[in-house]
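Chain by chain, the residues:
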Amino acid sequence: MRLTILGTVSAALAFVLTFPLLADTCDSKGERVIALGGTITEIVYALGEEKRLVGVDTTSSYPAAANTLPKLGYYRAVSAEGLLSLSPDLIIADADAGPDAILDQVSRAGVCIIRTPDGGTIKSVVARVHSIAKALDTSGDTLAGSIESAFSVVRSQVRAFNDRPRVMFVLSAANGTPVVAGNDTEADAIIALAGGINAGAAIDRYKPLTPEAAIAAKPDFILMMDHVVMQSGGADKILSIPQIAMTPAGKAGNLISMDGLLLLGFGPRTPEAIALLASKIHSGIDVAAR
Amino acid sequence: MTLRMENIGFKVGKKQLIKNVSLTVNPGELAVIIGPNGAGKSTALGVLSGDLLPSSGTVYFGKMPHNSLTFQEQATIRGVLPQLSNASFAFTALDIVLMGRIPHGEAPECKNALRIAREAMEQTDTVALMEQDISTLSGGERQRVNLARVLAQMWSDQATLPAPKYLLLDEPISALDPKHQVNILSLLKSYAKRGYGIVAVLHDMAMASMFADKIHIMQHGMVAYSGKPAKVMTSSILSDIWQLEYSVHRFGNSIMPIVACV
Amino acid sequence: MPNDITSQKADHLMVGLRGRLSLKSITMADFRKYRPLITLLGCMMVVLAFISTLVGAYNISATSVIAILLDSVLPFDGFKAYFAPHESSILLSIRLPRVASAIIVGGALGISGAVLQSLFRNPLAEPGLIGVSSGAALSAVAVIVLLSGQVILFNVDITAYILPVAAFLGGLAATVTVYMIGRTARGDIAATMLLIGVALNAVAMAGIGVLQFLSDDTQLRLLTFWMMGGLGSISWQSLLPVSVLIAVGCAGLIRLAVPLNAYLLGANEARHLGIDIKVMTKKAVLFSALIVGAAVSVAGIIGFIGLIVPHLVRQISGPDNRTVIIGSALMGAMLLLFADLCARTIIAPAELPVGLVTSAVGGPFFLWLLMRRNVRVRS
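Residue numbers (this note's numbering), protein chains in the order written: chain S, 745 to 1034; chain P, 470 to 731; chain E, 13 to 391.
Pulled out of the complex, with its shape left as it was, chain S reads as follows (with noise of 0.2 angstroms):
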């Protein structure tokens, strides 16, 4: 054991001293693309580009037809051999994609990564199209100008709403303690743009709320993602939480459930995502869709 220790230590010494590391180059023509990131995915498939896709991460589930592509695992947890065995020449990673180990490994044996910017308004939207068209060495332009008229259209309806309904996303109900969203968070951000107030703003990040701060923050909807509800057990579950149940939300029984690629993408679709939240939390509006 001593000797085989040894002769690690001694090769791996060797390695650090004599190994060059690959040169950071990035001149990619991104013919073999993975996207890791749903919203990238989206974006992509949005330019018309989605022929050089070679592989996805698991949250890239729209369109429909990513479902097809390779799946490298989930975007925050993916593996070197993973990536490199698709042979890509581009990789264009979310802001949270990583771990950053695992991508500077991917770099360092000569793949392109490209990440692109977050963010929770239509501008860093706008931003991400350009950077990932540029990336892919075409134009974003139409694609930013159709988002950017889809969501000046929506603006001008949801300034019209006189009321401001609070609204609390939570993020998980396991063992009945919600987490919530605070501040600097997309759901904060895709909430403010609906026209709603965040219930959750008082915290930061993503936190879980004791039941009387979650009574206190009195919202008048929840809101969640559908494969939560899902998992929580259904809506019925998640309104029977106590400190769910004694808000005026719990008390009405409004519980709104979207596609959380949808509702906290920040891509293509984020218009669509406003209008749809929108539609749900003002009233003057028929909610009986939801």
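The set of hints was computed from the structure by calculation and includes no laboratory data. Keep in mind it's a predicted model, so treat the numbers as computed, not measured. Take the hints with a grain of salt, since some may be wrong.
The calculated DSS-like cross-link candidates involving lysine-lysine, where the alpha carbons are at most 30 angstroms apart (straight line), are [said to hold, decoys possible]:
1. P:488 / P:697
2. P:483 / E:290
3. P:484 / E:290
Anything over 12 angstroms on all C-beta distances counts as not near chain E; from chain P, calculated [unchecked claim]:
4. 493
5. 544
6. 596
7. 608
8. 643
9. 698
Covered by chain P, per the in silico footprint, the following chain E stretches (three or more residues, Cβ under 8 angstroms) [claimed, not checked]:
10. 273 to 281
11. 284 to 297
12. 327 to 341
Where a beta carbon is used, it is the ideal one built from N, C-alpha and C, also for glycine.
Using the hints provided, position chains P and E relative to the given structure of chain S.
Below, chains P and E without anything else, positioned relative to chain S:
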């Protein structure tokens, strides 16, 4: 050179388990400690073996306090058989006996260690158990295997020891049948004749008086009586110690104390 | 045998003559008897390591792998024709560090399991079960969350060493706690120890929870990934300090084999056999904490190896620690190599957390082992 403890006291909390005990183990002598439960026999042996740190007094090898020697040096002079010895993993009887050679720096594969282990096992009638898992043995078999380990540790190929060695045995025959009791005590006696100093805690007074060169009777944490069996195994002393009426009978050389009346 | 033994045979050790006998001589002699098993395990490990090097999500042909390995070892360029440069970089900087870390981490977990089981005289002791791993995890997480940026000491960048050392201190604190409380316990020491482990695990998990609450998004991500346990992001650079610490620890532990054998008879019995149990215990605790801490610091918490592997070796060789300790290192390395091989190939190009694989393979296997043992004892 002797192994002796001088004016030993041992306390646990406020309870004085033994007080002012002085015992000398002479090479060439089989000494037996007897006494009622709680008299401090095992405590005295524990102090003598270094398991217990006395609250007062010192244990000496000759003129040197025993803890001035390294553990390894002590281990080549003094072997100890505890009351209960349980290995937690599936060692064979031979593995256990071979451990007696550790202080001599002998690996279990060492020919000398194997030879000594085998001879020690012959002496304790455990050769047949050699390959058996120690945890499957009966209490008496385990006792003999562990005794073989201590004998292997204190082994000498010479008929008479050039330098004394000591065996401290806490109830070495408690789980044995009568035949093995007699055999083991005869064996110990022969060891004593070769120059070993042996102390054993026993409960069987007939066995004690048959084999011991000297008997120490302990009571209330002190040595109440010491001397040759014929001197201390009297009906008045025994009746006093055990609060029972004893009559002592003699058959040839052996002394047989019998409870006369309950 | 060395000469001092033959002179010992004459039984001439006089009191006051400080002839210091060396227990080290035993460990050297042992390799003679146990060479077959150790050699066999060693060879199997090398073969498994080689298979691991051949297989991966990225398809590199066996010829290329061998050519790359030879090219990186031998000084001439004749092998370059047999592989593409990118294959070489994938193999040398991604797959090989992973194989190496599986060997080092698996070996460390196996050996520490073997030593802790002997030290506690309890076949259930395992770094994870008695809280050593989570102690190490807690302090490593604390470093990730509370410490940011480079740490420079005497003009040397010691950032890479902070995490393993912190994990070591955490592991040490847990080991010492278990040992101290376990030693004073009356009655069923095994049960007490496991309960202490449960309590320590709970405390550590609570601490980790608090730290998770404090951490920002980036730290949280790093932390979650690290907690799941995995060898994916280990590079030669991060492996170097860890393998140094583990090598030191293993060297120390291997030398404790004979004293630990005697210790299995009981603490007093070991002392009567000439062993300084205080020194031995201290060394065993320190070195195991060191290697578990170092292993945890790079690979996160990987369960079950420390528990199963020593059992497995004992089934083959018997309880002699001279075989069990070295054998457990080799067997642990093999088990983790195998688990990691599964983790990175079963659902390729995605991959499973390796801790999941060790538990999924190890748990049922362990149950089977226990059932079989019960049958044997009864019959």
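Hint by hint, here is what the structure shows:
| no. | hint | verdict |
| --- | --- | --- |
| 1 | P:488 / P:697 | 23 angstroms, holds |
| 2 | P:483 / E:290 | 27 angstroms, holds |
| 3 | P:484 / E:290 | 27 angstroms, holds |
| 4 | 493 | 16 angstroms, holds |
| 5 | 544 | 3 angstroms, violated |
| 6 | 596 | 19 angstroms, holds |
| 7 | 608 | 16 angstroms, holds |
| 8 | 643 | 17 angstroms, holds |
| 9 | 698 | 28 angstroms, holds |
| 10 | 273 to 281 | holds (count 7) |
| 11 | 284 to 297 | holds (count 5) |
| 12 | 327 to 341 | holds (count 3) |
In the structure shown, a violation is registered for the earlier hint numbered 5 alone.
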